[in-house]
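Residue numbers (the working numbering), protein chains in the order written: chain W, 1 to 311; chain H, 1 to 363.
Among the hints, erroneous ones may be present.
[What the hints assert, rightly or not] Using C-beta positions, here's what the derived DEER-type ranges look like:
hint, chain 1, residue 1, chain 2, residue 2, range
1, W, P77, H, S45, 51 to 61 Å
2, H, N261, W, P277, 30 to 40 Å
3, W, F131, H, D183, 46 to 56 Å
4, H, P315, W, L93, 16 to 26 Å
5, H, R333, W, A144, 51 to 61 Å
6, W, S300, H, F182, 57 to 67 Å
7, W, A171, H, N261, 50 to 60 Å
8, W, K298, H, V200, 19 to 29 Å
For the record, the hints were derived by calculation from the structure and aren't laboratory data. As the structure is a prediction and not an experimental result, all values here were calculated from the model. For every residue, glycine included, the Cβ atom is placed at its ideal position computed from N, Cα and C.
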Amino acid sequence: MEQLAQQLMNGLMLGCLYALIAVGYTMVYGIIELINFAFGELFMFGTFISIAMMVDTITLFGRPVPMPGLSFFLAVPIAMVAVAAMGVTIERLAYRPLRNAPRLAALISAIGMSIFLMNFSQAIFGSKQVFFPDVPIFTEAGLAKSLTIGGAQVTYLQLFVVFITVVAMVALNLFVQRTRVGRAMRASAQDKQTSALMGVNVNRVIAITFIIGSAMGALAGGLYGAVYHFARPDMGFFPGLKAFIAAVLGGIGNIPGAFLGGLVLGMIESLASAYLPMGSQYRDAFAFVILILLLSFKPSGLLGSTVSEKA
Amino acid sequence: MPDQFKTKMNPLAAALAGGGSTAVQRAIIGALLVFAVTLPFMLQSNRWLTLFTIVFIYVVLASGLNIVVGFTGLLDLGYVAFYAIGGYFTAVVMVQVVRNKWGIELDSVWWMVWMNLLLGGVVAAIAGAILGYPTLRLRGDYLAIMTLGFHEIIRIVANNWVGLTRGPSGISGIPKPSIFGFDFNTAFRFYYLALFMAIVSLFVISRMVRSRIGRAWTAIREDEVAAEAMGIHTSRYKLLAYASGGFFAGTMGAFLGHYLNFIHPSNFKLMESITVLSLVVLGGMGNVAGPALGAIIWMTLLEWLRDFEFVQDHPEVRGMLMGIVLVTLMVFRPKGLLGSRRVSLEMKPGSPAPPVPKEVQGG
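Extracted from the complex, chain H is given alone in its bound form (with noise of 0.2 Å):
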């Protein structure tokens, strides 16, 4: 991308934006790392670690679905059924397979913990693949139908296959994870434990959206048939998509199950995809730092808001602030918080392709 394009907006935007001299991007995430690692140090309560462990699993989360609805451009409403997956995969195995049916002690297979993390991730891939298949041929707009009410079977199954998933009273005893006797049992382990998943997460996902894969994607949300013209397979690309979305919220699932132990239908309500699109959109749609930022925002305000009494009351606050949220900022500033500089061209009502650039038309 041009650097005249990154010039125009605020130099920490930019930088955060994969633009800016790459010595100053560099220093800027360096600083946030230094800054999210001493964090515990300065807290005193594990009232915020915890509450920083949830934004971290919400920076994944977010950021998986920003390859679907960011760089792709599919609406996927129901983005939390794969965080579903995960979660109910590694709780049926662990505890209702090799526990309750193979009478295996929990603590002698420590490794399988970090196979299910991996695995969970896998089994939702596939779903997100197997998913979004009848939908290739069609507009876009059937998807989110299609995964709103994916979303919604999957909530259903969980509440009512209580011999899978024990129905509404939840699968308890899902094991702590630990390593060669390294237990991460409390706040603080847990902390480190999402904050190294999250950057695992955020590294992988840059990668891949400036690999010749996130190219695609974006071609594919630009203009799908002229991608599809410059001889981009679209339905595969828009299947990884999906795929690979998919695999980062199955894989925040099952971690979800081991910290929390226990797994319940509501820890997957519709509000929550809800939530993760309105962490994508607010920070951004199509740039990588854009959804972590915003989960970082948004989840402190949302999860600080819990704290009042009237919120705790009036639960729908949230709800609507939510939907403010995403209608205003559609409609006054699609691009979100920092979003890039292409998708901002993009949104912009009324100019449909971004104008080339300068030095292009020369050529």
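Looking at chain W on its own, in the form it has when it is part of the complex (with noise of 0.2 Å):
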């Protein structure tokens, strides 16, 4: 029992991280129809931009480099807004120009960018794991804080991941049903063409989505960092895919949805790797078994409408 309880713990916290991931991935989808692997390298990336602010010194291209050494509340805000930049960047190079080309093109374009920045960022901080610094007010005395709640036992910063998850979802979904650029967004995500002709500025909107996905990727990868303490390159696989696998779970396009996708699939993946045999080994293949039967049985996911085949 309290193992389950410590497992479901485990997982809300970890299906928070891959809903924070998820948004950008559902939000861009929603407009644009495009995979943007890329996300979950941005999402590496806020772990690494966070760690460099947060350190007195790090290594970049081989060469020790001095930092700040800011606060962590500090240094996430400064990685959401350095990966928000390049998000756009990253959208005005290689899909902008292929707006309107077959969606094989941008796909291939996404999966050249996603493996770019995965090499990037290895040629930048090398290859090997980097330690992310403790947050002084989650520890004390070099072990996390925790507090025991029905068995479990829940560290403050399992509670703090949670607690901002809510807030930004909550306040991401107001932005997106109440203003007017939350408007244009749902209006160019039912028909770009006619928004544009009603006063969208859909490349705008695009824009700006493209930030706001990056941004959260880049607070789930700070807040990834404080919980497992490490950043290496190729960290964003598998939390990208899964966060994709996430919006497509609630439906994608669809801002509850990716939330909700996340905590279900956080929530299976926890309690599949301790409980089934071989579990842990195997964690990352579960994700794939769901979207599997997902795609067979309920392609429009929990909250999603039908998703059209071929539009």
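Two chains, two frames, some hints: make the complex.
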């Protein structure tokens, strides 16, 4: 029972991280129907930039470089801004020229971008794992501060992750539902051409989508680093794919769906790796099994409307 | 395809792309063949023979992937998974079962090597069809994610199912191929074996894509709804494309196992799938000669780069290069080095369908 509660808590936190990345996938896919594989890598850059801002010196291109050594709470917002800028640049360079090209071209461009970023970060930060510093407020004498809820050890950090995710999701949903830009986004998702005729600057809307998606990915990256204490150039691969699966699970193009999908996926993964035989070795495979089942039985996802086959 | 499309291309490209007069085309192919056959006599070192053997493996891989990506227009990002299936199939059968379990001397069953080349392909083809099945009703982009995931699952299984695959230690002792006592045990002989396999595969693929099947694949790529309306059973042909692509990868995987005598999960990294994809994209999608040429140029370059100390210390340079090539090609020259005219018309932004040739319009 205690173990179950513990696993549920771990799953909840993991799910929150997936949900944050999934927002980018779901919003971008909702509007331009492109799987931006690079979100996984932007997440990774979020972790690295957070580290870079928090430490005193970091090795870049094999040379030590002095760094400001800011607090976690300043470092992550800086990383979000930097990664958002990267996201917009990527969109401008690799996707916008292909807006009217067949989707295959855009997909190949996206995977190329993702591979480039992964290797580029290896060139900058090296192939070895980089340590993510402790966040003082969440630790006491090197140990994570925690409290016991229903038999499970819940760290302050886990609560913080869940809290931030809920705030971000609610804020984002309000933004999309209530503001002018949000309305433009929903309009563009329905019909780009018609919205353009109604005076929506579709290119700007898409750029904003990338900004939000990338910033959320970077936020997830910063939190992930704080929880797991490492960064590595290939760390974004699985979280990126799983976040996409979470987005599909919740119903692609749907922000509450991304949240729900992320949570469900995180829970399933955490429970399956704890209770299935050899579960922990195969933990990265469960998400794909879910995807296969989902595509076979309910491709529209938990909250999604019907996905049209060939729009 | 009408000749008027061809005349605008440079003659060599046109000939390789399947246009031009048949005589010119045959002459070029013949010259290339003669060159490939005589090359080992001109090369002094085994280094280059080995390199070209690897290049031929990639020629087949790229051509096989081209069936799925280039002709049918479905993005497969886990192609190397099938390569792994073929490699592990023969390794497990030969070493784990025949030698270790049944205690049979591998020399006495030399014919199994050749059989396994085909069977490895068949197993991979079945895996391809099974994997593609759930995505049939959906858009192609889900296939990209599925295949990416499948690739990782295969790698995870290869790493963790120690009883079958020996996990991270890999399977060694896979026999070299031999035929009636003639052993393929030198770089020189392997070069010709790989060349032979590349030629056979290219021949089969070029016949396939010009048959009814190939036209169906192209139709699916160009417009799936229209293809379906024309009576093409799109699901069946898509499955056939996955299976055919998988077959060539599986065969080459088995070949790799026998060539290296050793199979290891790190032979089948994600980067390999991306490499093969970049060969197809670089050479030109939807064109038989394109990926082969892409493989020859790009793999030679990539393998040659390994000789530099800087690249050895920074393997990420190759990855960055590959990413840049994929993005720039898609943005500036989506048809690749010698893409078919048809693909280039489709891929051009803002022109949804190729214009109808004049002689057809009149009719």
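Going through the hints against the structure:
1. W/P77 to H/S45: 51 to 61 Å: Holds - the Cβ-Cβ distance for W/P77 and H/S45, about 57 Å, lies within 51 to 61 Å.
2. H/N261 to W/P277: 30 to 40 Å: Since H/N261 and W/P277 have Cβ atoms about 33 Å apart, the given range 30 to 40 Å holds.
3. W/F131 to H/D183: 46 to 56 Å: Holds, at about 52 Å.
4. H/P315 to W/L93: 16 to 26 Å: For H/P315 and W/L93 the Cβ distance comes to about 24 Å; the hint holds.
5. H/R333 to W/A144: 51 to 61 Å: This hint holds: roughly 52 Å between Cβ atoms.
6. W/S300 to H/F182: 57 to 67 Å: Since W/S300 and H/F182 have Cβ atoms about 59 Å apart, the given range 57 to 67 Å holds.
7. W/A171 to H/N261: 50 to 60 Å: Since the Cβ atoms of W/A171 and H/N261 sit about 59 Å apart, the hinted range of 50 to 60 Å holds.
8. W/K298 to H/V200: 19 to 29 Å: violated, 44 Å
Against the hints set out earlier in the document, a violation occurs for number 8 only.
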